[in-house]
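Peer 1: Residue numbers (this note's numbering), protein chains in the order written: chain A, 29 to 231; chain B, 29 to 231.
These aren't lab readings, by the way, just hints derived from the structure by calculation. From the three backbone atoms N, C-alpha and C, an ideal C-beta is built for every residue, glycine too. It is possible that some hints are incorrect.
If the Cβ cut is set under 10 angstroms, some of the chain B residues that face chain A in the computed set are [to be verified]:
no.: 1; residue: Pro-82
no.: 2; residue: Ser-127
no.: 3; residue: Ile-136
2 protein chains.
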Amino acid sequence: MLEIEIKIPLTKQQISIVLNELRQLSNITDEINYKPLCTFLGEKTELDYYYQHPCRNFAQTDEALRIRDKKVAGSSESFELTYKGAKIDSITKTRREISVKIDSLENIQALLSSLGFFLAGQVIKNRKSWKINKEGITVSIDEVKSLGTYLELEIVDVQSKYEVSAEKLFLWLRKLLKCEELPPMERRSYLELLLKRSEVSSK
Amino acid sequence: MLEIEIKIPLTKQQISIVLNELRQLSNITDEINYKPLCTFLGEKTELDYYYQHPCRNFAQTDEALRIRDKKVAGSSESFELTYKGAKIDSITKTRREISVKIDSLENIQALLSSLGFFLAGQVIKNRKSWKINKEGITVSIDEVKSLGTYLELEIVDVQSKYEVSAEKLFLWLRKLLKCEELPPMERRSYLELLLKRSEVSSK
Numbered sequence: 029m030l031e032i033e034i035k036i037p038l039t040k041q042q043i044s045i046v047l048n049e050l051r052q053l054s055n056i057t058d059e060i061n062y063k064p065l066c067t068f069l070g071e072k073t074e075l076d077y078y079y080q081h082p083c084r085n086f087a088q089t090d091e092a093l094r095i096r097d098k099k100v101a102g103s104s105e106s107f108e109l110t111y112k113g114a115k116i117d118s119i120t121k122t123r124r125e126i127s128v129k130i131d132s133l134e135n136i137q138a139l140l141s142s143l144g145f146f147l148a149g150q151v152i153k154n155r156k157s158w159k160i161n162k163e164g165i166t167v168s169i170d171e172v173k174s175l176g177t178y179l180e181l182e183i184v185d186v187q188s189k190y191e192v193s194a195e196k197l198f199l200w201l202r203k204l205l206k207c208e209e210l211p212p213m214e215r216r217s218y219l220e221l222l223l224k225r226s227e228v229s230s231k
Numbered sequence: 029m030l031e032i033e034i035k036i037p038l039t040k041q042q043i044s045i046v047l048n049e050l051r052q053l054s055n056i057t058d059e060i061n062y063k064p065l066c067t068f069l070g071e072k073t074e075l076d077y078y079y080q081h082p083c084r085n086f087a088q089t090d091e092a093l094r095i096r097d098k099k100v101a102g103s104s105e106s107f108e109l110t111y112k113g114a115k116i117d118s119i120t121k122t123r124r125e126i127s128v129k130i131d132s133l134e135n136i137q138a139l140l141s142s143l144g145f146f147l148a149g150q151v152i153k154n155r156k157s158w159k160i161n162k163e164g165i166t167v168s169i170d171e172v173k174s175l176g177t178y179l180e181l182e183i184v185d186v187q188s189k190y191e192v193s194a195e196k197l198f199l200w201l202r203k204l205l206k207c208e209e210l211p212p213m214e215r216r217s218y219l220e221l222l223l224k225r226s227e228v229s230s231k
């Protein structure tokens, strides 16, 4: 499955613009199917544990292995193990993703550790998500601990019409930010940004 | 979690003796809690996929990584990913085991393969299981495809009273086989036995 994704950091002013735009879209009804153009999906805290491979350097191969602990109102709702392949282009964050749901955080951590995988870092974020219904785009506003606020737009593409999906994301990014020009994308993962930050601050 | 386990191959005559003994135990009621001494747990087909580590030879380290697809009446009931540590003694098959339940066979196979794990072999067996209620022992009769029939006795020991549990298993093995002397144990896994067998037959 291909996850086509773009991400940008948001200023305080941009957060207001995007939230306002999403609110307006939620109040407009699609004339064809009578659904709102945009639906709020919910708010959750995501605790992400990133692992390093025992004999392959993921920082070099641009891969990732992640356990996600999704918490809603403080309680774990689900655990997920995800492999992310290397990015496939030079602008978006599009990757191949494979996920499975897991029943125990403690056991999958012990299992990975027994296989020689080791913790590379942890990302904690609060995520609010919306769906642009007609387009199948998920919009997320992430408040990432120790990093700041980011906007993420994503399409999960099962049929691999990658270019069409990427164009849609660019269009909607401009629409949500109410700007003509495409802002510079952040292609690094939150983990990379956090590791970079701790590297700079330890110098 | 420690899985204390012993295993022996069964002749046709021994299969009858064990089945008869289990039947008799099922008809006796415990005078203290009014439960039968033994309960039939059910019958299922287990398809086990064993994986090799990308940079560690499990055949040498005596570890294993397995995906189990449990089928009841032909339909998959659950998928499980299990890591097994090296055996901890020279008589039983006692190992440390870590398991997680998984929601997709296809995805965990693709995920492991992306991480460099590769299929070492497959074991297919029909398993009938009983519980010796008072002792917490699981008795299984396994008909293993291309191998034969085996009897397995197992205690999952969370408190690690390993020696006590192993003694219980030896006692019950003699009881079920109606013999005084302990028969020789099979310490090799079904996978090892199958690989050995295909090695011999290809010579």
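Peer 1: Taking the hints in turn, state whether each one holds.
Peer 2: Status of the hints after comparison with the structure:
{"no.": "1", "hint": "Pro-82", "result": "holds, 6 angstroms"}
{"no.": "2", "hint": "Ser-127", "result": "holds, 6 angstroms"}
{"no.": "3", "hint": "Ile-136", "result": "holds, 5 angstroms"}
This entry satisfies every hint, going by the numbered hints stated previously.
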